[in-house]
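Student: Listed below, chain by chain, are the residues.
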Amino acid sequence: MGKFLLLAFRNVFRNRRRTIMTLLMVGGGVTGLLLSGGFFAFMIDGLREHTIQEGLGHLQIFTAEHFRRDEVRVLDTGIDNWRQIAATIQAGPHVRGVAPRIEFNGMVSNGVKSSIFMGSAVDPAAESSLGFRPRISEGNDLSSKPTGEVEALIGSSLAKSMNVKVGDGLTILAVTSDGALNGVDVQIAGIVKTGYDEMDARYIRVTLASAQRLLQSDRVTNLVVGLDSTANTDAAAAALTPRLQGLPQKVVLKKWIDLATYYLQVRNMFFGIFLFLGIIVFFMVLMASVNTLLMAMFERTREIGTMLAMGTPRIWIVTLFMLEATLTGCLGAVAGVLGGNLLGSIINASGMHMPAPPGLTVPIAFHVLHIPALMIASSFIVIFSLALASILPAIRASRLQIAEALAHV
Amino acid sequence: MSEIVKVEAVTRSFPLNHDKTRNLVSALNHASFQVQAGEFLAISGPSGSGKTTLLNLIGCIDKPTSGRLLIEGVDTSKLNPGELTELRRKKIGFVFQTFNLIPVFTAGENVEYPLLIQGVSSGERRERVKEALAAVGLSARANHRPDLLSGGERQRVAVARAIVHRPALVLADEPTANLDTQNATQLIDLMHGLNKRLGLTFLFSTHDARLLEHTERIIRLCDGTIQSDSLADPQIETHPLHANAPNQGGNHGQVLAASLS
Numbered sequence: 001m002g003k004f005l006l007l008a009f010r011n012v013f014r015n016r017r018r019t020i021m022t023l024l025m026v027g028g029g030v031t032g033l034l035l036s037g038g039f040f041a042f043m044i045d046g047l048r049e050h051t052i053q054e055g056l057g058h059l060q061i062f063t064a065e066h067f068r069r070d071e072v073r074v075l076d077t078g079i080d081n082w083r084q085i086a087a088t089i090q091a092g093p094h095v096r097g098v099a100p101r102i103e104f105n106g107m108v109s110n111g112v113k114s115s116i117f118m119g120s121a122v123d124p125a126a127e128s129s130l131g132f133r134p135r136i137s138e139g140n141d142l143s144s145k146p147t148g149e150v151e152a153l154i155g156s157s158l159a160k161s162m163n164v165k166v167g168d169g170l171t172i173l174a175v176t177s178d179g180a181l182n183g184v185d186v187q188i189a190g191i192v193k194t195g196y197d198e199m200d201a202r203y204i205r206v207t208l209a210s211a212q213r214l215l216q217s218d219r220v221t222n223l224v225v226g227l228d229s230t231a232n233t234d235a236a237a238a239a240l241t242p243r244l245q246g247l248p249q250k251v252v253l254k255k256w257i258d259l260a261t262y263y264l265q266v267r268n269m270f271f272g273i274f275l276f277l278g279i280i281v282f283f284m285v286l287m288a289s290v291n292t293l294l295m296a297m298f299e300r301t302r303e304i305g306t307m308l309a310m311g312t313p314r315i316w317i318v319t320l321f322m323l324e325a326t327l328t329g330c331l332g333a334v335a336g337v338l339g340g341n342l343l344g345s346i347i348n349a350s351g352m353h354m355p356a357p358p359g360l361t362v363p364i365a366f367h368v369l370h371i372p373a374l375m376i377a378s379s380f381i382v383i384f385s386l387a388l389a390s391i392l393p394a395i396r397a398s399r400l401q402i403a404e405a406l407a408h409v
Numbered sequence: 001m002s003e004i005v006k007v008e009a010v011t012r013s014f015p016l017n018h019d020k021t022r023n024l025v026s027a028l029n030h031a032s033f034q035v036q037a038g039e040f041l042a043i044s045g046p047s048g049s050g051k052t053t054l055l056n057l058i059g060c061i062d063k064p065t066s067g068r069l070l071i072e073g074v075d076t077s078k079l080n081p082g083e084l085t086e087l088r089r090k091k092i093g094f095v096f097q098t099f100n101l102i103p104v105f106t107a108g109e110n111v112e113y114p115l116l117i118q119g120v121s122s123g124e125r126r127e128r129v130k131e132a133l134a135a136v137g138l139s140a141r142a143n144h145r146p147d148l149l150s151g152g153e154r155q156r157v158a159v160a161r162a163i164v165h166r167p168a169l170v171l172a173d174e175p176t177a178n179l180d181t182q183n184a185t186q187l188i189d190l191m192h193g194l195n196k197r198l199g200l201t202f203l204f205s206t207h208d209a210r211l212l213e214h215t216e217r218i219i220r221l222c223d224g225t226i227q228s229d230s231l232a233d234p235q236i237e238t239h240p241l242h243a244n245a246p247n248q249g250g251n252h253g254q255v256l257a258a259s260l261s
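Protein chains in written order, with the working numbering: chain A, 1 to 409; chain B, 1 to 261.
Among the hints, a few may not be true.
[What the hints assert, rightly or not] In silico contact screen, one side only, chain A against chain B (beta carbon under 10 Å); selected entries: (1) GLY190; (2) GLU303; (3) ALA403.
Note that these hints are calculated values from the structure, not bench results. Note that the Cβ used here is the ideal one computed from N, Cα and C, for glycine as well.
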């Protein structure tokens, strides 16, 4: 078998120029997959951490009824004893902190113009301790210990449409737990750019105490838990779930992945694009290799005839051709992995940025992650493609009529 | 002497176009003869006379249109492709006009190849390759690739490859056609020497007069028909085994009978 492998290996290099061209094609395919896949992975990882750090947190706790709630009276299904639950969670493994939230909505008016808003009421100190900081383009964050006027942060597009600036006053209106309409005057402390146009057109952020006063309730809609690392999400969830059993109010724990709908959509889209690229590379290598291997077969017709005449089993000829193609695929994959990592490192070092895509307001760093699983998958694609491409030439070679093959010029 | 090859009224026709039932051209017509172990036999004739066709049939790389062909008593028409491959692998050694060495293998590896496909152990392969290369005088060239060898050396490697697995029969198709006189003479001497020393049976096609001078028996073909089957010794014109072969003059048989008596 060793000699047979040696024969295959030497045959790979017998026409060096053609082999180099094949290796360039195969390696180019792998490099392309590594660069695109590495960039996609960077985008997906970045979006994941961005989603978590923008306020989603690693875990969230809701009441069991939260997901069947009335969208208007949001605190009807809120958490009563949230301080006790927060303390329980805080003592859990990998937990960095717990931030109470009220997610609500209503109307905002400047006396001339009104608009709907999506509000988020937070404890600024708790948010800050978890690293959840709003992207303030003008003004300041909410004060941890407010005095006097009720402060609010407002989305940039909403501020523009309402024609207000930092320091201006607004009235926000919402439905209380009793079903009554309540309003509170706020002063704009800062203007926020969330990074998403649609969000910027609806966003208002106030302190927890202000929202509770507006909604006439001491409840919160959810508790956001920040962990020491995203990788510990499952472990922390498993450890915390039993601690939430047996409470007077039934609560449920959700992982970030269960709540990150947008992240999942983007991730699936990137997976789809990568799969499409993989299929293109697969067929590109397949088609080009079939041609190259058929050429190699025709060039070696007499040699194959000689081997068959000497009594070489036909299956050996099939194996030899497939082995040669697989070896070429392996070498191409190695070249592609080296090339892809080298190019990726160069791109990363260059600090390139891509223009902001639709829906985002900030440019994206062009960074490529080096992912071993991606290297293995890309290599497998081209090796499998070449092995598949060799089947037709291999079978044709093995079925040659010996006498005709020996007379081949 | 035991019988190695028996050709019985073998005909080989080829279609001239895709319609295999019409326009057949006959490359070999009712050829019959036998080859005994240890013979050094030439098939001679002009180009297109059917020499290569006959050798291909005896080498089991082609099938006769009609007639029977037996190798060591085995009717090859009754063997399936796998059995034919095994028969070639074990019983026959091939020497080709254009050497047909595997270019990416060294001389030693080329000689080793028939043993490799027979599944001979590596230790035994090494020994037998050494012996075969020594037999053709190329021990010093074992590690050279074919492109670094002269034409004569390449053909000697091909001979070593053909004999290394100790076949019952060595078939050589125009082995001296691509060699100059000096190399052709050396190769003829080599094959003749192997025939004498090792008792190997050689059957080759040629129209090289230099090679015919050394043969013991010559089958002459013309237009696919055996014209004569004679011993090279001028005293004995016809081989005893073929006194009744078709297309031979009856006088040859009588001369032979007389000489034997």
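Student: Now tell me if each hint is right for this structure.
Tutor: A quick look at each hint next to the structure:
1. Given hint, GLY190(A) at the interface with chain B, is violated; its Cβ is 74 Å from that chain's nearest Cβ, farther than 10 Å.
2. With a least beta-carbon distance of about 6 Å to chain B, the hint placing GLU303(A) at the interface is held under the 10 Å criterion.
3. Below 10 Å, beta-carbon pairs count as interface contacts, and ALA403(A) has one with chain B at about 4 Å; its hint therefore holds.
The earlier numbered hint that this structure contradicts is number 1, and it is the only one.
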